[in-house]
Amino acid sequence: MLFIINKNSAVIGGCIAKASADDVVLLIEDAVFAVIECGESPVMRRSDNNTAAIYALSPDMQARGVREAACHKHIKFVDYTGFVELVVNHNPVRSIF
Amino acid sequence: MLFIINKNSAVIGGCIAKASADDVVLLIEDAVFAVIECGESPVMRRSDNNTAAIYALSPDMQARGVREAACHKHIKFVDYTGFVELVVNHNPVRSIF
Amino acid sequence: MKISVQINASPYQHQTADTAWHFIQAALVSGHEVYRVFFYHDGIYNALRDSRPPGDERDIVKRWSELYRQSNIDLVVCVSSAQRRGLLEQSVAKKVGGYDKALADGFRIAGLGLLMEAVIDSDRHVTFGD
Amino acid sequence: MKISVQINASPYQHQTADTAWHFIQAALVSGHEVYRVFFYHDGIYNALRDSRPPGDERDIVKRWSELYRQSNIDLVVCVSSAQRRGLLEQSVAKKVGGYDKALADGFRIAGLGLLMEAVIDSDRHVTFGD
Amino acid sequence: MKTLVFVIDKPLHGNVRAQEFLDMAMMAAAFDQRVLIVFEGDGAYALMKNQHADVIGLKNMIPVLNALAIYDINDVLIERESMKSRAISEDQLLIPADILSRCDIKSRMNAAGHVFSF
Amino acid sequence: MKTLVFVIDKPLHGNVRAQEFLDMAMMAAAFDQRVLIVFEGDGAYALMKNQHADVIGLKNMIPVLNALAIYDINDVLIERESMKSRAISEDQLLIPADILSRCDIKSRMNAAGHVFSF
Numbered sequence: 004m005l006f007i008i009n010k011n012s013a014v015i016g017g018c019i020a021k022a023s024a025d026d027v028v029l030l031i032e033d034a035v036f037a038v039i040e041c042g043e044s045p046v047m048r049r050s051d052n053n054t055a056a057i058y059a060l061s062p063d064m065q066a067r068g069v070r071e072a073a074c075h076k077h078i079k080f081v082d083y084t085g086f087v088e089l090v091v092n093h094n095p096v097r098s099i100f
Numbered sequence: 004m005l006f007i008i009n010k011n012s013a014v015i016g017g018c019i020a021k022a023s024a025d026d027v028v029l030l031i032e033d034a035v036f037a038v039i040e041c042g043e044s045p046v047m048r049r050s051d052n053n054t055a056a057i058y059a060l061s062p063d064m065q066a067r068g069v070r071e072a073a074c075h076k077h078i079k080f081v082d083y084t085g086f087v088e089l090v091v092n093h094n095p096v097r098s099i100f
Numbered sequence: 044m045k046i047s048v049q050i051n052a053s054p055y056q057h058q059t060a061d062t063a064w065h066f067i068q069a070a071l072v073s074g075h076e077v078y079r080v081f082f083y084h085d086g087i088y089n090a091l092r093d094s095r096p097p098g099d100e101r102d103i104v105k106r107w108s109e110l111y112r113q114s115n116i117d118l119v120v121c122v123s124s125a126q127r128r129g130l131l132e133q134s135v136a137k138k139v140g141g142y143d144k145a146l147a148d149g150f151r152i153a154g155l156g157l158l159m160e161a162v163i164d165s166d167r168h169v170t171f172g173d
Numbered sequence: 044m045k046i047s048v049q050i051n052a053s054p055y056q057h058q059t060a061d062t063a064w065h066f067i068q069a070a071l072v073s074g075h076e077v078y079r080v081f082f083y084h085d086g087i088y089n090a091l092r093d094s095r096p097p098g099d100e101r102d103i104v105k106r107w108s109e110l111y112r113q114s115n116i117d118l119v120v121c122v123s124s125a126q127r128r129g130l131l132e133q134s135v136a137k138k139v140g141g142y143d144k145a146l147a148d149g150f151r152i153a154g155l156g157l158l159m160e161a162v163i164d165s166d167r168h169v170t171f172g173d
Numbered sequence: 151m152k153t154l155v156f157v158i159d160k161p162l163h164g165n166v167r168a169q170e171f172l173d174m175a176m177m178a179a180a181f182d183q184r185v186l187i188v189f190e191g192d193g194a195y196a197l198m199k200n201q202h203a204d205v206i207g208l209k210n211m212i213p214v215l216n217a218l219a220i221y222d223i224n225d226v227l228i229e230r231e232s233m234k235s236r237a238i239s240e241d242q243l244l245i246p247a248d249i250l251s252r253c254d255i256k257s258r259m260n261a262a263g264h265v266f267s268f
Numbered sequence: 151m152k153t154l155v156f157v158i159d160k161p162l163h164g165n166v167r168a169q170e171f172l173d174m175a176m177m178a179a180a181f182d183q184r185v186l187i188v189f190e191g192d193g194a195y196a197l198m199k200n201q202h203a204d205v206i207g208l209k210n211m212i213p214v215l216n217a218l219a220i221y222d223i224n225d226v227l228i229e230r231e232s233m234k235s236r237a238i239s240e241d242q243l244l245i246p247a248d249i250l251s252r253c254d255i256k257s258r259m260n261a262a263g264h265v266f267s268f
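Chains as they are written, first to last, in the numbering used here: chain A, 4 to 100; chain B, 4 to 100; chain C, 44 to 173; chain D, 44 to 173; chain E, 151 to 268; chain F, 151 to 268.
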């Protein structure tokens with residue numbers, strides 16, 4: 004399953020906790036703030052037995068001044084073409100607002 | 004200050020923590036779910052040295068099937084007329100979305 | 044007391060317009076003056092005349108028009124929010140060949156200055172949003 | 044691959060319409076077919092012809108019309124979401140004296156069945172909202 | 151025939167978006183798709199009894215929820231964890247729903263053709 | 151003259167709502183009111199350097215933020231706790247802002263004639 008999340012809220016943590024190894028979580032729009040390595044980040048709560056890949060949409064990061072260097076190490080980055088690839092490679096797609 | 008909050012989110016907890024004795028927090032629309040006495044409730048986090056009054060809009064509770072008996076003991080209830088009174092008796096008014 | 048109201052959200056996606064309407068009714072019943080209702084951001088969609096909800100539902104646009112008829116409350120739609128989103132002021136609409144009857148009865152289109160004036164002149168200003 | 048898109052939010056209150064547009068562009072460049080874009084809920088406001096944003100800003104409505112001109116993608120506005128919110132189908136508008144040119148170029152108004160058809164016929168369906 | 155999941159993860163109250171979302175589910179059923187409705191998170195509140203939306207002039211969603219069965223939508227799931235943390239008991243539920251764990255619901259969704267949200 | 155506080159407690163990006171909100175602040179200044187702008191919570195991110203909204207065709211908010219000073223809006227406050235928990239340092243700030251504690255900001259707001267939010 005591909006989760007697409009667009010807000011920086013507690014939902015992200017819950018979603019990552021629920022995701023399994025073959026799931027992917029894509030953070031877009033204001034959700035990209037969640038990948039900044041800091042105390043507020045809901046992405047921190049990833050446990051070791053949970054290996055879902057977490058992606059952030061890099062154009063949304065650039066728009067917001069979020070630098071890759073400031074992010075958690077395990078985050079992957081995609082542009083819109085990569086976004087499309089994630090959609091193509093995963094089913095079902097679940098958007099969470 | 005009168006805080007008006009309309010969503011059931013972590014914002015409620017932060018707001019109650021910040022409020023002082025002469026402040027009032029009014030929960031409307033989906034925020035009324037926060038007053039149900041349960042593990043999810045952000046209203047639980049009220050400490051003793053924090054005595055801001057917390058109100059819930061009762062018509063919004065009725066619309067959602069939230070009974071007064073299921074709520075935290077320290078919650079007060081108002082209808083729209085009471086909402087207007089809170090606005091009249093407090094300044095400034097801050098809506099949080 | 045003199046109270047102004049601001050509405051920041053579209054009529055049907057959230058409860059915003061309902062809550063604001065009930066609040067205004069209660070303020071009037073309690074003897075307060077509602078000086079102005081200012082529609083900003085997506086709030087401007089509350090003024091679309093062509094809105095036609097199903098018959099068994101509340102008609103939010105019509106409810107605002109009735110509020111004006113009954114209580115003569117100044118309902119102001121922000122001109123720049125409106126123009127961006129597709130609701131044109133009559134003279135502009137005529138000039139560009141747009142819809143010159145887009146605005147429902149009881150509303151008027153004006154600038155942000157009227158919001159400031161309301162905030163300054165009123166004892167309270169309450170914002171409703173999404 | 045055949046991809047359909049659904050848009051649930053108004054054009055200017057959120058980034059929804061922008062993200063969806065960039066996604067569609069990327070899908071087309073990657074050689075996929077974008078079968079249909081379905082505008083639902085407040086998403087219908089993306090189709091208001093009279094929208095006139097300031098000149099230094101992106102024009103979201105026009106961008107959709109151009110997408111249709113260039114790629115012939117089926118842009119469908121849900122009839123019941125639209126009617127409730129003030130965007131009337133031409134024949135209805137003519138009957139009730141509403142705006143019969145409310146819909147921007149490239150869009151068409153139709154029922155929820157077209158959304159279902161898109162979901163069933165497409166390999167993927169991606170929803171963008173607020 | 152696809153399995154289409156409709157996730158209600160926020161309260162249904164106070165807007166027509168909820169109503170329009172359930173319209174989609176009923177349309178999917180009319181198109182002979184397999185429809186699954188899932189209530190989780192604050193969406194669990196949508197199934198509580200004693201809702202009186204008419205008190206504030208809003209459309210009552212209870213008849214719409216009751217109509218699901220008429221459209222042969224009988225796969226209504228609610229997440230056990232969401233009910234527990236919100237102190238919602240089974241006898242408070244408005245319509246019959248299968249109470250499943252987060253994990254079981256996740257498996258059902260994984261197998262779906264598409265997941266709708268609002 | 152009233153003191154009007156404009157609270158930015160969510161990111162400014164990706165919508166014109168933010169722009170319209172700052173229009174309100176500038177209009178208030180043009181009406182000779184005392185204007186205070188407060189960044190707190192995720193709103194603190196709005197003041198980070200290196201924003202390139204044009205990358206995705208959105209309106210660049212930086213000129214708008216820079217224009218605040220032209221409107222004589224110099225009371226720009228940012229909450230220390232919000233910066234700290236988001237790992238935002240002072241040298242990352244785009245425009246000059248007074249870094250104040252939550253408690254101090256609260257006191258300033260208490261004294262205001264009105265608090266705007268979006």
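Don't take every hint at face value.
As the list claims (entries may be wrong) - Output of the computed footprint for chain F on chain A, the stretches with three or more beta carbons under 8 Å from beta carbons of chain F: (1) 32–39; (2) 87–100.
Said to hold, decoys possible - Only pairs whose alpha carbons sit at most 25 Å apart, straight line, appear in this in silico BS3-like list of lysine-lysine: (3) Lys45/D x Lys144/C; (4) Lys21/B x Lys234/F; (5) Lys209/E x Lys45/D; (6) Lys199/E x Lys209/E; (7) Lys76/A x Lys21/A; (8) Lys199/F x Lys209/F; (9) Lys137/D x Lys137/C; (10) Lys79/A x Lys152/F; (11) Lys79/A x Lys21/A; (12) Lys144/D x Lys105/D; (13) Lys209/F x Lys21/B; (14) Lys138/C x Lys137/D; (15) Lys76/A x Lys152/F.
What the hints assert, rightly or not - So these bits of chain D aren't anywhere near chain A, every CB distance computed over 12 Å: (16) His57; (17) Asp61; (18) Val72; (19) Pro96; (20) Pro97; (21) Lys105; (22) Leu110; (23) Tyr111; (24) Val122; (25) Lys144; (26) Gly156; (27) Asp166; (28) His168.
Source of the hints: derived by calculation from the structure; they are not laboratory data. Just so you know, these numbers come straight off a predicted model, no measurement behind them. All residues carry an ideal CB built from backbone N, CA and C; glycine is no exception.
| request: Could you check the structure against the hints above and give me the numbers of any it violates, in ascending order? | output: 2, 3, 5, 10, 13, 15, 16, 17, 18, 27, 28
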